[in-house]
Structures are given as C-alpha cells and as structure tokens.
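So the mapping is simple: the numbering used here equals the position in the sequence shown, first residue as 1, plus 168.
Take these hints with a grain of salt, some might be off.
What the hints assert, rightly or not - With beta-carbon atoms standing in for the labels, derived distance ranges:
1) A462 <-> A326: 54 to 62 Å
2) T257 <-> G531: 36 to 44 Å
3) T509 <-> R378: 48 to 56 Å
4) A326 <-> A637: 40 to 48 Å
5) N390 <-> A272: 38 to 46 Å
6) H279 <-> W640: 37 to 45 Å
7) T204 <-> I475: 21 to 29 Å
8) W689 <-> G531: 28 to 36 Å
9) T257 <-> H280: 24 to 32 Å
10) P260 <-> L540: 54 to 62 Å
11) Q678 <-> T204: 17 to 25 Å
12) Y382 <-> G707: 30 to 38 Å
13) A375 <-> D255: 42 to 50 Å
No wet-lab data here; the hints were simulated from the structure. Glycine is no exception: its CB is placed at the ideal position from the N, C-alpha and C atoms.
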Amino acid sequence: MKRVPTLLSALWALALPALAQQPPDAGQTLQQLQPTAPAPKPARANDNQAPTAPPTLPGGMQIRLQTVRFSGNTVFSDATLQAVVGDVTGKPFDMTQLRALVEAVNLHYRHHGHPFARAFLPPQALADGTLRIDVVEGRYGEVRAMGDDARLTALAQAFLAPIHAGDLIESAPLERATLILNDLPGIAASPTLRPGQMLGTGDLDVAIQRSKPYSVELGLDNHGNRYTGQTRARLNLDLNSPFRLGDQATLRSLVTAQGLWFGQLGYSLPLRANGLRGQVGYAHTTYELGQEFAALRAHGTADVGSIGLSYPWLRSQRANLTVSGTYQHKTLTDQQDAASTRSDKSSQTLPLALDFDLRDDIGGGGITYGALSWTPGQLRLDGPQRATDASTARQQGRFDKTNLALARLQALPKQLSLFARVSTQWTTHNLDSSEGFGLGGPGGVRAYPVGEGYGDRGWVGQLELRYTAGAWGPYVFHDAGSVTKNARPWAPGNNARHIAGHGVGLRFQQDQWRIDASVAWRSRGGNAESDTAQHNPTGWLTASYRF
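All chains, please: the whole structure from these sequences, using the hints.
Listed below in structure tokens is the structure:
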C-alpha cells in the first residue's frame, strides 16, 4: 500500500510541465464538443402580395373636397382612417392626389399586417365634395394543401387548421402556418393566394412536396484539445421525415487520432400542428489523454441521455421566439490506470431556454439572435470524491446557472458587414467541469487553445469586420474574455483569468463546400495555462462538405 504515494509522486513528476491546469476530464471534454450556435437561416421571401394600382400622371381636372367617407372597413374605424388621409376640407385634388389618399389607406392596412386589403375609388359623382373610398379587406375562401402525394397533403392540412375560410387574410397567421410547415424536415411548402369564388375572397393553396430525404456533412478541423486530439474528423447525418411527416433522425459522430470518440443519436417529431416538437437523444463519449499526460494512462467516458420539448411561441419572417425545456442525465467516469484511481459522478439537469432572432432595417439591415437559458440541476459524486469535495469545492448537491448568448450581424456599405457575439455564464455555485465555462478556442478567444480559462462564471466576446467578394470572405477580428474560476473559492490563489487576442481570417463558401481559416495573436493574458505548447500565433482550420 505504501507504493501508491511513491507511484503518484513519480507520475506527477513526469507530467509536471502540463500541470499549470488540471488535465481535461470527461466533463470538460464533453463541454468542448458542444458546437457554437449557427446564425438563423435567411427569411423566406413572401411572394404573395396584393396588386397595386397603376400609376397616374399628375395634373388634370381638380375637385375641391369637403370630407372622405369609407365603406367596407371593419378592422379600422372611420375615425382611424380619417386620421390616415388627413384633413381634406376645402382642398383641391386632382386624380393623382385622390389616388394618393387611397394608397395611404392601403399602406396603413399593409403596415398593420393586412397585405391583401385593397382600398379603391368606386364610380361616384363627387358633386358635393364628398369622396367615397371603398375597402375590400380580403378574406379567405378555400384553404387547402395540395400536392401529388395524397397522404402527405392530408397530413399537411392539419398544419393549416389555424386558418379558416372567412377569416381576414392577415400576415401573422399566414406566415406562422406556412413557416411551421417549412420547418418540418424533408418538407417544402409554397403558399399561393388566388382570387376566390366570391368577391373579396382569396383561396389559399399550399403546394406540399418532399424535399431532400437526407443530408450528410463530412468535416475535418483542428478545433480539438491537444491532450485528447486536436485534429478531428466528423460525420453528421440527418434523415428527414423517415417514418412520418416532419420527423427527423440524426447521427453525430466525431473522432480524433488521440482516441477521443463521440457519437450521438437523436430523434424528433412534431407533436402538434402548432409547432410543438418532442425530441430524445443519447450521446456517448470516450477519451484518452496523450502528450504530457500520457504517463497517467488517463481515460474516461461520458454518457448523456435527454428528452425535451420545444415550441415556437413566435414564428414569422422578421422575428422568432422558441421556448424549450430538456431533461438531461449525465454519467461521467474518469480513470488513471497508472495510479489505479477512478471517479464516478452523475448529474440531472433541466435547461429551460428561449431562442430568439430579430431582423430589422437599421443601418442597412441586420439580424440579432441568441439564446437565454436557466439550468437547475443536481450533482452526485461517488463516495471517495464526496469526502474530498465536502472540504474543498462543495460541488455535490443542487446547483443552477444562467447563460446568455447574443449575436448581431450588421450590414455595412461596400460589401462590408460587422459581426459581434458575446456569451456569458452566471452562477453562485461551484460547478462540475461538465457545467463550466471556457474562454479559449475557435468559439471564444481564438489566440488561445481549447481548454484555456475554464471556470464557473465568465464572459467571452468576438468582434469581426467582414468583407464579401463572391465565394470568398476575408475578415479581421478581436476577441476578449474573462472567467472566475470558482464562484466560491476555498483556497488562496488567483481566482480569475483575463485573455484577449486579435487576428485575420478567410472563409470560403461555394455550393456544398465550407472552409474557414484564421490566425490569431495574443494581446492580453500571456502564455497559455492549459497547454504547454505555446503557439503564438494560433491557427485554426475547418473544412466541410455537405451533400
């Protein structure tokens, strides 16, 4: 038994150069495999627009008006529309100016979500100076899904149930129903409005067809931790609507030459036609430590099972808000064979999240997107760990954390754009490594390696100035971040880490190919503490092909 301290001392001596920070474990390895949230897809253009009246030339006979009367309006009162056209009493109007009054009413309807309402001038004498403007607000006639696959269209018809014959044609319900249909994996929906059988009605035909039944992505990058394998190969497979309308089966797999392997299976399906989805998943990770930690013969596993729900609270072309809740159970194991040690722990969490995006026309147009989440959970350590934890970090038991990720892509003149992103984590608890927050890597401060600056709470920001030249996209960037290592310190020492860096990069995107290469230099923080290999600059490369 007395050999153990001697053996441990020898092993620590062999690994001493790498011990500026604790070696990566199953929890931290699991965290480093989480992808950065992508930007939302571009909004689908709505081709269904009401026809506009042909222009008229100014001049010609003028009529002096005294008042304007409206007919057919139910959405807006006469007083509201009077305010729209303004005071006309005693003012002369030619035909162009009369049509301008009508167009003001049309614009008011469109601005308030009634793109198919139409105001027009009926035949009238105008003898007493009274102008009459008729309004056809537009109501649905037939509402139907159409397509060659009768079974598919019958199932899709349920998603159009919120739109009824006789309802006003409004942008919000139409957008929501058709966008939720288009969100279904493997399904393409194209809405068309055509004149109905009755005056003032429009029939909604939604063409339903199957899109690509699967998608595959092959990728290669150097975004890994050096001790578990920096060069990574990945395979992503999506099966779209394999068993029923709108379901999806997914496979995610990643391997490194160092022995890390990650595999994840997922399945999701629509539970209601209002966009409610359910999803289940299982992920397994194995790792081995190499390089300076190879003498420890350290390895481990992480297993994560999950089940959750998501619901699009708001779904439109300009703004979206999705609410989700996911139960997760994690089982983590770390072993050091050279010292015959093993630790087991498990946790249960219930992340509750709001994912959002908003498109606007500010300064040439842009999109703001992100996610806000609150994660309550409970950590359970094995017996030997529990005793040590009680006198140190006190991670055992209940915990919670709050995360915010916020990004903005802003259009600028001359093919330029500005991208900014900030991610934060806040907690008052000392967290297990599987719930920690890291600063370094391609998704954080790119001048530092993956695994740099791990702690319980912190923030990291990225700022990029981008230029678009066809398929090529050069950019310059600056990154910065700060982390508090332990929310409740139990030992003296530096409890914070502040790092920053800047660099240049180049993206290529054409057809199915995506390539991103960057080089970053450190401007604050000095040498890396998580890796003995001090690379300055630090280079990152990722390439992927989709089919």
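Okay, the hints, checked on the actual structure:
no., hint, in the structure
1, A462 <-> A326: 54 to 62 Å, "58 Å, holds"
2, T257 <-> G531: 36 to 44 Å, "40 Å, holds"
3, T509 <-> R378: 48 to 56 Å, "54 Å, holds"
4, A326 <-> A637: 40 to 48 Å, "46 Å, holds"
5, N390 <-> A272: 38 to 46 Å, "59 Å, violated"
6, H279 <-> W640: 37 to 45 Å, "39 Å, holds"
7, T204 <-> I475: 21 to 29 Å, "24 Å, holds"
8, W689 <-> G531: 28 to 36 Å, "30 Å, holds"
9, T257 <-> H280: 24 to 32 Å, "26 Å, holds"
10, P260 <-> L540: 54 to 62 Å, "57 Å, holds"
11, Q678 <-> T204: 17 to 25 Å, "22 Å, holds"
12, Y382 <-> G707: 30 to 38 Å, "33 Å, holds"
13, A375 <-> D255: 42 to 50 Å, "47 Å, holds"
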